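Q: First to last, the protein sequences are chains A and B. Residue -19 is where the first sequence starts when you use the working numbering, and the numbers rise one by one after that. Residue 21 is where the second sequence starts when you use the working numbering, and the numbers rise one by one after that.
Note that these hints are calculated values from the structure, not bench results. Note that this is a predicted model, so its numbers are computed, not measured. Do not rely on the hints blindly, as some may be mistaken.
Below, simulated EDC-like cross-link-like pairs (lysine to aspartate or glutamate); rule was C-alpha separation at most 16 Å, straight line [to be verified]:
| id | chain 1 | residue 1 | chain 2 | residue 2 |
| --- | --- | --- | --- | --- |
| 1 | A | K488 | B | D101 |
| 2 | A | K429 | B | E56 |
| 3 | B | K90 | A | E72 |
| 4 | A | K130 | A | D34 |
| 5 | A | K488 | B | E56 |
| 6 | B | K90 | A | D71 |
| 7 | B | K90 | A | E70 |
| 8 | A | K429 | B | D61 |
| 9 | A | K243 | B | E39 |
If you want a taste of the chain A side facing chain B, the calculated C-beta under 7 Å gives, among others [as the list claims (entries may be wrong)]:
| id | residue |
| --- | --- |
| 10 | M67 |
| 11 | M68 |
| 12 | F69 |
| 13 | D71 |
| 14 | E72 |
| 15 | D209 |
| 16 | I212 |
| 17 | R213 |
| 18 | P215 |
| 19 | V430 |
| 20 | R431 |
| 21 | R433 |
| 22 | G462 |
| 23 | I490 |
Cβ atoms here follow ideal geometry from the backbone N, Cα and C, with glycine treated the same way.
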Amino acid sequence: MIDLLNWIDRPSRDRGLRFLDDSSTWNLSSFETLAHLAIDISALLRDADVQQNDVVCIVLPTGPELVGTIFSTWVSGGTICPLVPPMMFEDEAQYVQHLARILGAAKPRVVVTDKTFRAIVDSAAKTAGLSNTALLDVADSIGGGVSIRKEAGQVALLQFTSGSSGNPRGVRVTFDNLASNIGAIRQWIRMGASDVTATWLPLYHDMGLIGCLLTPIVSGNDTWIMRPDQFIREPVKWLECFGRNGGTLTAAPNFGYGYAARKVKPESLAGMDFSKFRVAIAGAEPVDAEALHRFSELLAPFGFSGQAYLPAYGLAEATLAVTGRAPDSPVARALKLDWDSLSFGKPVSWSAESSLDEIDSKASSGWLVSSGRPHAGMHVRILDGSGAELPSDTLGEIFVSGPAVADGYTEPRPEAATRFDDSGIYCGDAGFIHDGELFVVGRIADSLKVRGRTVYAEDLEARVALATGLHRGRFVVVALPGHGAGSILGIAEAAGVDWATQAAQLIKGIVGGEIQVRVGIGPRGTIQRTSSGKPKRRLMWEMNASGTLPLDHSVDL
Amino acid sequence: MVESINADTAARVRAIVAEIATRDLTALTADSRLVEDLLLDSVALIELTVALEVEFDLSAIDPTETQSIKTLGQLEGFVVDRISGAKR
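For reference, chain B alone in the conformation it holds in the complex:
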């Protein structure tokens, strides 16, 4: 149950990233790096942060929380953790 919710969260994160990066979902993998591979620039990364906050109803994401996130897989993990943390 929890796993399927998490998988659903990850899929929604991936869809948002695909839209902002204007890439096909098929071009994305967990190892895709947000900046180097998907070419997200500073404004696109802000757009991504805001889109995640809105989509998952998260409290404001601080830059210090995201500075170690390099890949799409890490970002999905971050959102899953953020959501489960918020419910606790």
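One chain only, chain A, in its complex shape:
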């Protein structure tokens, strides 16, 4: 098992993390420098009486201090909880409310921040009513600290994932989870001593934090790190990491590859060599084959091979990584699904089988790309609505088990689409297994990806209720993954047709042209609910697929 803290005892002076500064220059923070920083900050935490299993919330921008604070917390026996700093166009009061809700759930012993965010974090802590929480400025740590190692606690990371608005949820990731998943990732991508990671992902979410920061640090590998806003401003700097600075590994959502392909001119790549760029994890499903094609078109003349693409599936509830295409296996396969016949618990059919590099980019619609096979120690099964395992090529819910399955949520959420039980995670994603490879169709009923962003059924219901004045109990939204972008079904009980039109227009206005919207009206009892009144969206999705929802009229937009 990997020890997350071993590197601190014998840190390299030559290797480390290179951060891009605001004058577009890379600055090396060697592992030795970072280890000293972690020890110095741990003195600050000690003064604040951080004990084993105490939570340390971190509101810091990408930089050496963030890394130092993460490892100082672990050296002190604590649990890290990295939180998103305020963003562009974000109203201060709104951010304070959001942060306060998370702080209230995380119950930190201390919050570590810097002078930029101190005032705003302070008001969030006050709003949350945290009387026992100290606010620390990372700049107050003094050099020359003495290393005092406390025994590690159980939980390494409290990972807050975005849910529907107003509903933050924290996943408890243990040290064993982290060590196991980092080990599995290294084995999956055949990570060696000469590999170099480059990333622009935010470091408060699993893919950036675990995949692109912690994995290379505990492995002692050189890493190039820029902020998301720096990537947006100068995407060529990310590409330079591979074409000029020896980078071999990265992970990004579809957007990253598509944006770089759109903004970077081939002229600016003159003299670069991408032949060593061997792993480009496509860490979001569904894979956008067109974005990857455009990225390949830009870089192929400079030695890049599409062999580097590793489509992957993962979720914070399983630490990070669950399945992925292995680097030395054939190019990711793709199936042209018969989307209209897709039905929960029924065999999946397709009209053609191909591979990621052969799908015509102009006609990529309708193809679903494989997310590969489970990583070492992880198991993926497909279950029907009653929890029974389904055979291959049959659509059901993805269930994940193995050593990376996290310890649960900060608070129980029995009604949530993603839920833990004793043996694993019901992921809330619909998918199937074909030839041992996982194909992820989409979320089951509670949310839909719209132009890369997750839209929650619950939020759409709230918007409709607000705009129309209709009682929330009389209207539900069910998201339906499907052909192309998918569709949204609104179900209303005993409401007028005018009203249904208004609801359909409102939803259409938000989700836009490529998503089909239908609002159906049925008699009282059409909306299926649990005994506590929560809508059973998955059941309604299944009923809709099998044509058993008793809808009298419907409005289609």
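Chain B: place on chain A using the hints.
A: Below, chain B without anything else, positioned relative to chain A:
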């Protein structure tokens, strides 16, 4: 004269927003909210900021300047003010 320049600025802002939100211009109104209605996420909002700086040759836009901007109309007003302020 000034009004027509401002109208032109607003139209260019709207075109940029439409492109980043991947929405038809016809789907946008001054009341469209950037986050709630147009679904711009944190990265898209950075992209928008950078695109405005480049298009209108503006000095770097600070997050504190944009935190009260909720709608497309407010954003258009902000850019018009920023440009006229820069010329003064």
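Q: For a C-alpha distance cap of 16 Å, please report whether K429/A and D61/B respect it.
A: Cα-Cα ~12 Å, so holds.
Q: Should the interface hint for V430/A be scored as holding, given a Cβ-Cβ cut-off of 7 Å against chain B?
A: Hint on V430/A: holds, closest Cβ of chain B at ~6 Å, below 7 Å.
Q: I212/A was flagged as interface toward chain B. Is the shortest Cβ-Cβ separation under 7 Å?
A: Holds, about 5 Å.
Q: Double-check R213/A for me: the hint is only fine if its C-beta lies closer than 7 Å to a C-beta in chain B.
A: Hint holds; R213/A Cβ to chain B Cβ min 5 Å, cut 7 Å.
Q: Holds or violated: K488/A and E56/B, Cα atoms, limit 16 Å.
A: holds (13 Å)
Q: Against the 16 Å threshold, does the CA-CA distance of K90/B and D71/A hold or violate the hint?
A: Judged against 16 Å, a Cα distance of about 8 Å means the pair holds.
Q: Hint check: is the beta carbon of M67/A less than 7 Å from a beta carbon of chain B?
A: holds (5 Å)
Q: Tell me if the straight-line CA distance from K243/A to E39/B falls inside 16 Å.
A: holds (13 Å)
Q: Would the pair K90/B and E70/A pass a check requiring their Cα atoms to be no farther apart than 16 Å?
A: Given pair K90/B, E70/A holds - Cα atoms ~9 Å apart, limit 16 Å.
Q: Holds or violated: P215/A as interface residue toward chain B, Cβ cutoff 7 Å?
A: violated (10 Å)
Q: Is the interface hint for D209/A satisfied, with its Cβ closer than 7 Å to some Cβ of chain B?
A: holds (5 Å)
Q: Is the Cα-Cα distance between K429/A and E56/B 16 Å or less?
A: Holds, at about 14 Å.
When held up to the earlier numbered hints, the structure conflicts with 1, 18, 22 and fits the remainder.
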